[in-house]
Structure formats: structure tokens, C-alpha cells
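Undergrad: Next come the chains, spelled out residue by residue.
Number of protein chains: 2
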Amino acid sequence: MPESAANCLCLFRRILTALLVCWQGRTNVNTELADIGIIGAGQLARMMHQAAIPLGIRVRILAGSRSESAAQVAPDVVLGSPDDPVAVANFAQTCRVVTFDHELVEVEKLERVDLPAAHWCPSPAVMRVSQSKRLQRECFTRLGLPLPRFCLSSSEGERAAFIKKVGFPLMVKADRGGYDGRGVWKAEDTAEFNQIIEALASRNTLPILEERVDIDRELAILVVRNPSGAESVYPLVQTVQSDGILRELIAPAPESSSLVAEAGAIALTLARALEVDGILAVELFQSKGKLLVNEIASRPHNSGHYTIEGCETSQFEQHLRASLDWPLGATAMISPVAVTVNLIGRGQPALDQWRLKDALAVKGVHIHVYGKEPRVGRKIGHVTALGYQTNEVLARARIAASILNED
Amino acid sequence: MPESAANCLCLFRRILTALLVCWQGRTNVNTELADIGIIGAGQLARMMHQAAIPLGIRVRILAGSRSESAAQVAPDVVLGSPDDPVAVANFAQTCRVVTFDHELVEVEKLERVDLPAAHWCPSPAVMRVSQSKRLQRECFTRLGLPLPRFCLSSSEGERAAFIKKVGFPLMVKADRGGYDGRGVWKAEDTAEFNQIIEALASRNTLPILEERVDIDRELAILVVRNPSGAESVYPLVQTVQSDGILRELIAPAPESSSLVAEAGAIALTLARALEVDGILAVELFQSKGKLLVNEIASRPHNSGHYTIEGCETSQFEQHLRASLDWPLGATAMISPVAVTVNLIGRGQPALDQWRLKDALAVKGVHIHVYGKEPRVGRKIGHVTALGYQTNEVLARARIAASILNED
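Protein sequences, first through last, are from chains U and D. For reference, each letter of the first sequence is one residue, going 1 to 407 in this note's numbering. For reference, each letter of the second sequence is one residue, going 1001 to 1407 in this note's numbering.
No lab work stands behind these hints: they were computed from the structure. Only true hints are included.
Partial list, computed: chain D residues near chain U (C-beta under 7 Å): (1) ALA1330; (2) ALA1361; (3) GLY1364.
If you want a taste of the chain U side facing chain D, the calculated C-beta under 10 Å gives, among others: (4) ASP35; (5) ARG46; (6) ARG58; (7) ALA71; (8) VAL77; (9) TRP326; (10) PRO327; (11) LEU328; (12) ALA361; (13) VAL362; (14) VAL365; (15) VAL369; (16) TYR370; (17) GLY381.
For glycine and all other residues, C-beta sits at the position ideal for the given N, C-alpha and C.
So here's chain U without its partners, still in its complex pose:
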């Protein structure tokens, strides 16, 4: 063998060794079984990791990149796409329990993953319902829960009959893929209605027709349940939305004493019927004084961020405890009023620490930033304040939020 080739081989062996050492260094945290794997690395995963630290729960995160919200703050990150069934399957094999940062995972792919040692939290069956407005409406109806009248039929005749019954304006909703106001349209007349239906025909989603109800206000309630069947309900809260995005939250919902029992019963009925593991968020309308179920989400939810400082056990800690089938924590509020104001991106420059510093000068606010670029309509953080009097607490949280959200 010529000398140059021998030298090359020697160098090659050395580099291979270095490469192996380096590779082992990168992956050493991943060889042990994690307690909880989280698919997706958004702010929910970030806040779950934060809640896992004091309990010594080993969290592993499947992230698209190391710059994602949760991947910035957690050590045990596996790179891979939540849409890639092979990546999800390999990831799931290394975790005792697998949960989700968001609901946009394809259930069919999950079901094909063989999980002998782990379990999904929530189950693919629950995920399927929480991903589908159609299945939700069928479920609410089957359970006898109050909800706006709707029509799932694709027959023109049945649709016309429904429209005749409920009249315009009419809501049209996409079965899947809608969140933060996406996938919902209001039709004022037949022309608009036909336009929406035509546009939807090109997408692979079934339109749902729904009566437009007069909404006094929107409410939400969280319930948590573990595989052993322990369950606990959080306070009923009021949410303030605009453009379909949750902007503000008041806990407990003011003047809601007559609604609390019914809201709690609705949430428990759903959690039990679906056999939910973990947090279930139920969004409600208050219409002419009555409750109507709007939709559900089977994971920690934006309407529960106030629980981090406002309740004895945060929704994130509670979700982890429920996922592992551990005893649930108390859900009582630790102050008379808690308020959360969301920070919504408006395409302004990324949040710098000068603004954070100014916002922290507002006493009695808890600031959470998610480490995300402030793209328009994107949730980039939230501010929670506690206190005694709703208007005062809300004003305080709004001041801090407005400083953080400046252009």
C-alpha cells in the first residue's frame, strides 16, 4: 500500500474515533428511558419542563430544531419532525409516557406505532376527538350536553333545511386544523355561504354548519384525570377573545356562581366518557345566561396559564402527574382573583431585554416569555397577576403586557 493511503487510513481511524466519542457525547442523555416524552417543543412543552424540574421527572422533547421554545431550556432534546412516523415511533420507544405539545399530530400515524412499554397521554382515541370538530359535536350530543345547533350533512337538501331553521348569519367551521380562530367563518347570506363551501371543497375537510348564537361571554374550565380514575376540576374562568385568539383571562369567572356546578359537571362528564388521561380543557359559551359547549382540547391549555401562580397545582404539573398516574394535586386558587393577559406577536422586532426590564418594574406581575419570534398572531408570552379586585389586577397585568408588546 502506498504511504499516502496508509496515512489516510490512520487519519481516518482517528477521526472515526473522535466522531464516535462526539456522537456518544451528544446522545448520552438519550440512552436512558425518559419518564415523559413530549412531541413538539412549543411553549406548552417549555412550561411542562419547568414543572418537571422540582419533581425530578425526566422529560425528553421531540423538537424540529434546537431553537424551538422548549428546546432552548431543556437538555434532553431529540431532533425530528412530529409529522414523521418513524421519528415519532423511535422517540416513543425511549419514553414511559408520551404526551403532546399540540394536537396537530396525525392520529393514524400514532396508532401504527407499537408501544409495548409506554402509553400515549392522551390516547389516540381522545386525540382523534379533540382534533375533529365533527367528532366533538357527535360526542357532545351523545352525552346530552348543551351546544349550538349544527348540521354535519353534506346533502344540499339537509343543509338548506338547516339554514331555513336557524337562519343567517350562520357559522361554518372546518372539521380539522382550526385553532386560534382559523377554520371558522361567518356567512351573512346565501352568497357568502356558497362561497365558503366552495372554498372548503378544495380542502380535505368537512364543513360543519352551526347556528350563530348570541354570546354573552366565553368561559373555559379545566379538568384533570389520571389513568386510575382520580379527577379534579379547576375553577371556571372567563376568556376574552378577539380574532379567535385568547387575549385575556379572568379567574374565577366573575358572577358565575350559578354556572360553576354545571360547568364542572360538563367537564367531568366529558373526561369520564372519553377516558381522558391528563388535562382536558373545555371551552364554553354563555348564551342568554345558559352554558353551551364549544370545543375541547386534551392537553394543557392557554386558558390554564393562570394556574402556574394562581392555583395550588399548575396545569403543567398536574398534566405530568396525571400522565404518570401519580396522585393529583389540589386545584384551589391561592388568591381571590388571577388574571392572564396574552402577548400576541404583531410582527414587531423580537422582544429585547430592555422591554422586559421595563415591564418587570410593574410590581406584582409574573412574566412568561416563550423565546419565540413575534410573528403576527403568534402567542409569544403571557403576563399573570394576582390580587383581590378584578379591575385593579387586570389593569396591572395589561400595563406590563403593553410594555412587552410595544413595537
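Since the structure of chain U is already known, use the hints to place chain D on it.
TA: Leaving out everything else, chain D in the frame of chain U:
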């Protein structure tokens, strides 16, 4: 060039590329300037990281190994010894502010590190005082603070005169290196005293002679100060020690209204005189109803763990805010009583999740485990409970702690 050599070179180039990508992947988090670097990776660093997440503060940790408490939960870990001046210097260059998980860093080494862009928090001058019982006593005396009588002299005649004045039993303390009860001895008579002095002569530490005061109870108070001079005092708390280790803490200290103002004034006097940046913990004796200063620590402190759930701003968040010269948070308690019970290792097997699960069945407790092996005398976690009535809250926390601390 022969074909085999050309192939080798091609392979070599590919491997080199893979190696580079891999290497960049490992180090990409470390090339940016961190907001705060923490020297040491114990539980204080772990809880600082937890507090940093919501504020988006980028923390970097200098750890001896990836299995250390804070390195288990944080992504940005640099391996190196806090005793190695080169490792510390290189680490410090990559951070805006450098703070400490413990005080056992050699100040002389820190002072040799050239830090053009960053600053130490606290400063080496403050570290020097908090590492030395001698310098602390000189400082307390200079500031006119009340403290037990002491003798720093190495002259036999002066020592004899001091012993004649205060009598036996007598406390002998090592100048440096003492914590959790180490470095403190009680001499009942001259024979024991001579024995201790002889044993200390072989170590490189100056013995301090101190009168033995009748201690009604031990107290502690935290104060926080930022480089701009903003300052804030936490409530006065009662600590219960045994074998020199903090076992339990009650906040606020019961029946302490007559002492609060003086304790706060002592803490502020010290923080201002030393120009402390960050948290300063002041340990006090209550002796015959009067306060005496015992010692100080210039970092988040075991006597402040109750602040995580019990106060509007935890000592960890506060320390980070002060380090970055950000506005300080409110220090008020959010419940009438908070209690912390420490988990102290007794050489039992490592804490398993079955015990954690059982302890979590106790409602209204906040469990913090540090991911450390339960070596004898080592702090491995703590339990905090909030409520209205001290005995009830203490009993609740003790039940959870006893489950966690079982053999």
C-alpha cells in the same frame, strides 16, 4: 495518485464534514453570550435555571459532570471544575454576569480573571467576606451590629484573657470552609479546647474563639440588592437546625413582630456596606430576646426556599433579576404561613418514584427533589407547604418529608 488514496481522501473529507456538523451541534448553544453564568451545578443552580425559564434568561452552567443536579435539567452546560482558574476564566468570558452555586470558589483565582465585558455577582470582595468567619466578625463589629463576643488573636495570652472573660463552654470556629455544621466545635474545658486548637493547627485556617450564647432560637432574613442600589427585604423567618444543618423553616418567624424592624435594618446595613449584588442571607441568633448576627451568605440560601411558593417573587428569580440589574420583584408573602422541611440524606437508597408518588398523595405540599444521591447529611430536596396555622402546615410538610426520607 493511486485510486485507494483518492477514495480515502474523499471519505476523509466526508467524515470531516460530518465531524464539523456534529461538533457545531454540540457547541452551538455555547457560542452565544449567556445572560448569566453559574459556577457550580448544585440545587441552587438548578432552581435558578427553573426561575430563568419564564423570563427567557439564558443561563449557562459550569458543572463538574452532566450528572450534577443542575446539569440534569439545563441544556447549556460547560464541563469544568470550579477550582480550575482556566476553566473559570474561559467560562466567565462567555457570560454577561457570573454568579455562584456555592461559596467554595477561591477568590484569589477569581480576581486574576480578566473580565472586560462581564461582572461577578457577588463581587470577589463580597465573596471574600462571606467565605471568612473572621472577616465577617470584623465587618459586623465595624458596622456596630450585635454579635457574640469573639477573639481572633493567635496570642496565647489574649486567648487566655478572653476565655477568662467568657468562660467555658466555649465555641471554636474555623475561619473558612465551614458549612452545614462543619468547622464548629464546642469546648467544655481547657483540655478539650487545647485538643481542638491542636487539631486546627494542622489545617490552614485561623481558629476563632466565641462565647457560647444561650440561643432562644435561630432566625434568618434575606435581603436583595441590585447594582443600581434598589433593595428589598424578605420576611424574618425561624430556622430549626440540628447537627448544624437547617431542618425546618417557618415563615414568618412566629411572635417576631418586635424583632422584624431590627432584623431588616441589620440585613440592609450589611447589604449596603458590602455593596452586595444579588441575595444576601443573614443568619441570626435570638438570645435572651435580643438579636445577634451569626453569619452571612451572599447567594440564594436554604432559608429562602419557601419563597418559591410562599412569596410574590422567589429568591432565585430575585437573584437573577438583581444580577442583571433589573428591577426587583415584590417580596411579600402570598399566604399567612409558609413552612419548608428539608430532606437530608441518610445513606438510604436513591429516592424512587414510588415514594414520590406516595408523598404527592399528601394534599397541599410542594415537593422539590434535587436529583442527588442521598449521602449522609446531604441536602437532597425540600418540601414546602402554605396555609394559615403554623402547626397544621408544619405537620403537613413533615408527613410528606417523612415519606420521602424513608429508608
